[in-house]
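Protein chains in written order, with my numbering: chain A, 1 to 294; chain B, 1 to 370; chain C, 1 to 290.
Derived from the structure by calculation, the hints contain no laboratory data.
No residue lacks a Cβ here, since even glycine has one placed at the ideal position from N, Cα and C.
Check before you lean on any hint, since a few could be wrong.
Said to hold, decoys possible - Listed next, the in silico DSSO-like pairs over lysine-lysine satisfying Cα-Cα at most 27 Å (straight line):
id, chain 1, residue 1, chain 2, residue 2
1, A, K281, C, K94
2, C, K224, A, K144
3, B, K20, A, K118
4, B, K331, B, K270
5, A, K114, B, K74
6, B, K270, B, K249
7, B, K20, B, K5
8, A, K118, B, K74
9, C, K55, A, K144
10, A, K118, C, K285
11, B, K357, B, K248
What the hints assert, rightly or not - Taking beta-carbon pairs under 7 Å as the criterion, some of the chain B residues facing chain A (in silico):
id, residue
12, F81
13, S83
14, Y87
15, F98
16, I102
Unchecked claim - Stretch by stretch, here's where chain B covers chain A in the computed footprint (C-beta under 8 Å, at least three residues):
id, stretch
17, 171–185
18, 201–207
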Amino acid sequence: MTRSISQDNAVSSSRMTRALIYAVLLVFVFYYLLPLYVMVANSFKPLDEIRGGDLMALPKVWTLAPWASAWSSAQIGVEPTGLKPYFINSILIVVPAVFLSTVFGALNGYVLTKWRFKGDGIVFGMMLLSCFIPFQIVLIPAAKVLGFLGLAGTLKGLILIHFSAGIGFSTLFFRNYYAAFPTELIKAAQIDGASFFQIFRRILLPSSAPIIVVTVIWQFTNQWNDFLFGASFSGFGTTPMTVALNNLVNSSTGVKEYNVHFAGAILAALPTLLVYIVAGKYFVRGLMAGAVKG
Amino acid sequence: MASLKIKNLHKSYSSVEVLKGIDLEIEDGGFLVLVGPSGCGKSTLLNTIAGLEEITSGEIQIGGKSVEGLHPSKRDIAMVFQSYALYPNMTVAQNISFGMDIRGIDKAEQKKAIDNVSSILQIGELLDRKPSQLSGGQRQRVAMGRALVRDPQVFLFDEPLSNLDAKLRVDMRTEIKRLHARMGTTIVYVTHDQIEALTLATKIAVLKDGYLQQFGTPDEVYNDPKNVFVATFMGSPSMNLIEAVVAKKGENLVIQIASNDNNRFELPIKNIAALEDYVGKSVLFGIRPEALTDREGADRTSDQIAHQDCMIEVVEPAGSDTFAVINLGGKEAIARLRADAKITAGEQASLAFNMSKAVFFDPASTLRIR
Amino acid sequence: MNRLQQWLPRLVLAPSFFVILVFVYAFILYTGYLSFTDSRMLPSYGWVGFENYTKLFALRHWNTALVNLAIFGVLYIGICSVLGLFLAILLDQKIRGEGFIRPIYLYPMALSFIVTGTAWKWFLDPGIGIENTFHNLGWTSFHFDWIKDRNYAIYTVVIAAVWQSSGFVMAMFLAGLRGVDNEIIKAAQIDGASPARIYRKIIIPMMRPVFLSAFVVLAHLAIKAYDLVIALTGGGPGRATEVPATFMYSYTFTRNQMGVGASSAIIMMIMVFSIIIPYLYSELKSGDNR
Numbered sequence: 001m002t003r004s005i006s007q008d009n010a011v012s013s014s015r016m017t018r019a020l021i022y023a024v025l026l027v028f029v030f031y032y033l034l035p036l037y038v039m040v041a042n043s044f045k046p047l048d049e050i051r052g053g054d055l056m057a058l059p060k061v062w063t064l065a066p067w068a069s070a071w072s073s074a075q076i077g078v079e080p081t082g083l084k085p086y087f088i089n090s091i092l093i094v095v096p097a098v099f100l101s102t103v104f105g106a107l108n109g110y111v112l113t114k115w116r117f118k119g120d121g122i123v124f125g126m127m128l129l130s131c132f133i134p135f136q137i138v139l140i141p142a143a144k145v146l147g148f149l150g151l152a153g154t155l156k157g158l159i160l161i162h163f164s165a166g167i168g169f170s171t172l173f174f175r176n177y178y179a180a181f182p183t184e185l186i187k188a189a190q191i192d193g194a195s196f197f198q199i200f201r202r203i204l205l206p207s208s209a210p211i212i213v214v215t216v217i218w219q220f221t222n223q224w225n226d227f228l229f230g231a232s233f234s235g236f237g238t239t240p241m242t243v244a245l246n247n248l249v250n251s252s253t254g255v256k257e258y259n260v261h262f263a264g265a266i267l268a269a270l271p272t273l274l275v276y277i278v279a280g281k282y283f284v285r286g287l288m289a290g291a292v293k294g
Numbered sequence: 001m002a003s004l005k006i007k008n009l010h011k012s013y014s015s016v017e018v019l020k021g022i023d024l025e026i027e028d029g030g031f032l033v034l035v036g037p038s039g040c041g042k043s044t045l046l047n048t049i050a051g052l053e054e055i056t057s058g059e060i061q062i063g064g065k066s067v068e069g070l071h072p073s074k075r076d077i078a079m080v081f082q083s084y085a086l087y088p089n090m091t092v093a094q095n096i097s098f099g100m101d102i103r104g105i106d107k108a109e110q111k112k113a114i115d116n117v118s119s120i121l122q123i124g125e126l127l128d129r130k131p132s133q134l135s136g137g138q139r140q141r142v143a144m145g146r147a148l149v150r151d152p153q154v155f156l157f158d159e160p161l162s163n164l165d166a167k168l169r170v171d172m173r174t175e176i177k178r179l180h181a182r183m184g185t186t187i188v189y190v191t192h193d194q195i196e197a198l199t200l201a202t203k204i205a206v207l208k209d210g211y212l213q214q215f216g217t218p219d220e221v222y223n224d225p226k227n228v229f230v231a232t233f234m235g236s237p238s239m240n241l242i243e244a245v246v247a248k249k250g251e252n253l254v255i256q257i258a259s260n261d262n263n264r265f266e267l268p269i270k271n272i273a274a275l276e277d278y279v280g281k282s283v284l285f286g287i288r289p290e291a292l293t294d295r296e297g298a299d300r301t302s303d304q305i306a307h308q309d310c311m312i313e314v315v316e317p318a319g320s321d322t323f324a325v326i327n328l329g330g331k332e333a334i335a336r337l338r339a340d341a342k343i344t345a346g347e348q349a350s351l352a353f354n355m356s357k358a359v360f361f362d363p364a365s366t367l368r369i370r
Numbered sequence: 001m002n003r004l005q006q007w008l009p010r011l012v013l014a015p016s017f018f019v020i021l022v023f024v025y026a027f028i029l030y031t032g033y034l035s036f037t038d039s040r041m042l043p044s045y046g047w048v049g050f051e052n053y054t055k056l057f058a059l060r061h062w063n064t065a066l067v068n069l070a071i072f073g074v075l076y077i078g079i080c081s082v083l084g085l086f087l088a089i090l091l092d093q094k095i096r097g098e099g100f101i102r103p104i105y106l107y108p109m110a111l112s113f114i115v116t117g118t119a120w121k122w123f124l125d126p127g128i129g130i131e132n133t134f135h136n137l138g139w140t141s142f143h144f145d146w147i148k149d150r151n152y153a154i155y156t157v158v159i160a161a162v163w164q165s166s167g168f169v170m171a172m173f174l175a176g177l178r179g180v181d182n183e184i185i186k187a188a189q190i191d192g193a194s195p196a197r198i199y200r201k202i203i204i205p206m207m208r209p210v211f212l213s214a215f216v217v218l219a220h221l222a223i224k225a226y227d228l229v230i231a232l233t234g235g236g237p238g239r240a241t242e243v244p245a246t247f248m249y250s251y252t253f254t255r256n257q258m259g260v261g262a263s264s265a266i267i268m269m270i271m272v273f274s275i276i277i278p279y280l281y282s283e284l285k286s287g288d289n290r
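Same shape as in the complex, but just chain A (with noise of 0.2 Å):
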């Protein structure tokens, strides 16, 4: 029997640096892993079996306690609340944001390739370099106008400034995918009868999950993890996750609780955790095929 000729396009190798090949990958398999080991090992330790013992080792002794401590009952600031009302705060926050950036994108991507217009270039161009100031240089007239419009300190207003640091990628995502989609079909659709958002609900969007998971993530990474926004613009009751896990860390009074807070950072990154385990894999595929590309 002869064996076929292979098809994929690795260049193949000898046993010997296949083997390498293997050990390489694994060390880093190691290295990517090893942070997120340490902080849940050292989440189910008592305090001074870290401060005794050794980063690396697992608990001796395992315990609930700093996730408790955690969630509901570590000092934050002034307040012993845990981690909880932050967690909440996120949720609150995000979940609108995400929404809006999501749909307007959607729509804005759809006028900006089936219903091209003078200047819509022009439109998209200011859309796209939006994606990538930093945003250090909004900080100062962010702080000004949302206090004018009654919003500063308030959800509202952070969701609002998200909303804005975030249009920009949506658009180019939804734009680039929709960019692909044959405009023959708009066409028929035309033809048929079909109004703008009628085209709109019944052509395009059954077809765009893929670029709806990749928005999804992408906005919903960005906003939880956001810090910048968070630490400016954020009242006493409406304090994001991030920055209520480092103010957590970094508090300066009493004893440093490791444990606590590497539980607080392990349920910070849950939700997004969450969501990259579940569909990181379209995430990866999308965004090859869509944002890098341009």
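For this one, chain A is given, so just place chains B and C on it according to the hints.
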């Protein structure tokens, strides 16, 4: 009654004019083919008829009424697209009924219309499938079904066969012709394939660079081309165009052509009054390959066959015919010989020129001399 | 009715465009204006010309920030690219378990810089972290206290940032490698080229667009880097890990030097745009030619 009439149509994109004054008219039940090379404006013209693109000036009438400002769905047209444009998320039945759905027609009536169309096109067993599960030919049928179900005044076809393989294309071409004969609805059909144009059309409009080059029946366009472009674009292999000099021989006109051994030979031509003005000047002598044959293959009904020895450079058997490449007036020319003509490359052979089919063009203006 | 249909697309686009116009472009202009004023704790409109910029570049902290950004940027971009490409090439060797390895390389991307910073902060801490671990193992002379060392603290930022981003760069390169036309590689194999040579002479040169994309993404992240520094070192020890992003924040909001803060933000924007605009321009141009 004309079911489609186009008057002095202009269309520009910002500073580029793509349609430069088109006048067309097709009678009820006619089959109009818009043909031309890519970029000639034929698809733009079709899109303006559909209302998918706005016109810059001029007028389009469908069924005797101007359609200016009318939405595509209100123009009483249906369109079949090059890519078929089937909605990927809908089944075949949903694709066909989408327009009715939008117009709010009730389900029972939709069902009846779908059944009717699917029996005409024999796509009954495909109704529940998605477009991605169909072959090219099946998609083509569904696309036609979606157009058919609208029962419009005019069907618009935008290069509908160009995505099919050669065999299927011929089959579908026949099918479209049969469908047209059966429905009797006016069709406007865009293609770059001149054979499609000749086989399907009742009227052909040849376009190039936004101008209408010629508008006429397939016979007129093929046998009586108005200019060099139409003559060479229609027909395959295309018409031979040979530089020749007009001369007077007694009462009769002849043309003189350089052969490959630097000699000249003469061919008699019909007395075309306008050619008198060209005596002593050069013209482009056009003769189709099928009018340039071996002696035995010459058209017996022709009253003007001239014989001339020519050097055969290449012989290309093509099954039903054999094509021979010869040199005429310094240019390659193609003769169409019978398949069993005993002619080989490298020899002199006596060829028959059917001069009753010859046409002449002015070299400067490229217009027909007649 | 018809008119409405004609204006509908623009109406739909309008809210987003308006938000961008105000929250990005008007804000940039306003910050630009403030950078020429004597604003301190609150915006004030006394025109001072280029005084803030002169002041800015005379500040030791700002120069530290620029040097740190240069060190951080070069190492971060360089290591991420090399490591990303290296891992992508290894993963492209028909690896069994690729589906298991790839997500592990990639997951740090999903984390907040604050989380990454927290994890590495304690992991690199000489008291409880890796140094302590080696001491426990018996290697008592092992010494690793960069995070507490003014001269080396910025490199710990590089370590954490590389950990977070290199997997993502790997994914970009892997997608690029998979996109290389098989027939070209087969032709090279028939020509007798060795695998190493095929990568060096054929495949990697074809990765140019991916290098460019990775560079732009990483450079942009580097200049914006704020959260990671705050969580990992808080800008310290002292102000040893100050970067432009932390500088801007502290001068504007805690040191009440808004004019100087605004001018530093403008400099940051100029740095980002000088990288991004040529990139976008070339991308859009090649997009039009497609």
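For this session: Between the stretch 171–185 of chain A and chain B, see if three or more residues pass the 8 Å beta-carbon test, and mark the coverage as holds or violated.
Result: That given contact holds, which follows from 3 residues of the stretch 171–185 of chain A lying within Cβ reach (below 8 Å) of chain B.
For this session: Mind checking the alpha carbons of K331 (chain B) and K270 (chain B) for me, to see if they're no more than 27 Å apart?
Result: Distance of about 23 Å is within 27 Å: holds.
Exercise. Is it true that the CA of K281 (chain A) sits at most 27 Å from the CA of K94 (chain C)?
Worked result: 18 Å, holds
Exercise. Under the criterion that the straight-line Cα-Cα distance not exceed 27 Å, is the pair K55 (chain C), K144 (chain A) satisfied?
Worked result: 25 Å, holds
Problem set entry | Pair hint K20 (chain B) and K118 (chain A), alpha-carbon separation not exceeding 27 Å | 23 Å, holds
Exercise. Does S83 (chain B) pass the interface check with chain A, least Cβ-Cβ distance below 7 Å?
Worked result: 5 Å, holds
For this session: Apply the coverage criterion to the stretch 201–207 of chain A and chain B: a residue qualifies when its Cβ sits closer than 8 Å to a Cβ of the chain, and three qualifying residues are needed.
Result: holds (count 4)
Problem set entry | Pair hint outcome, K224 (chain C) versus K144 (chain A) [Cα-Cα no greater than 27 Å] | 22 Å, holds
Exercise. Quick one, are K20 (chain B) and K5 (chain B) close enough, alpha carbons at most 27 Å?
Worked result: 16 Å, holds
Exercise. Is the shortest C-beta separation between I102 (chain B) and chain A less than 7 Å?
Worked result: 5 Å, holds
For this session: With a cut-off of 27 Å on the C-alpha distance, tell me whether K270 (chain B) and K249 (chain B) pass.
Result: Holds, because 12 Å separates the two Cα atoms, which is no more than 27 Å.
Exercise. Close enough to count: is the Cβ of Y87 (chain B) nearer than 7 Å to one in chain A?
Worked result: Holds. Min distance 6 Å.
Hint compliance for this structure: no hint is broken.
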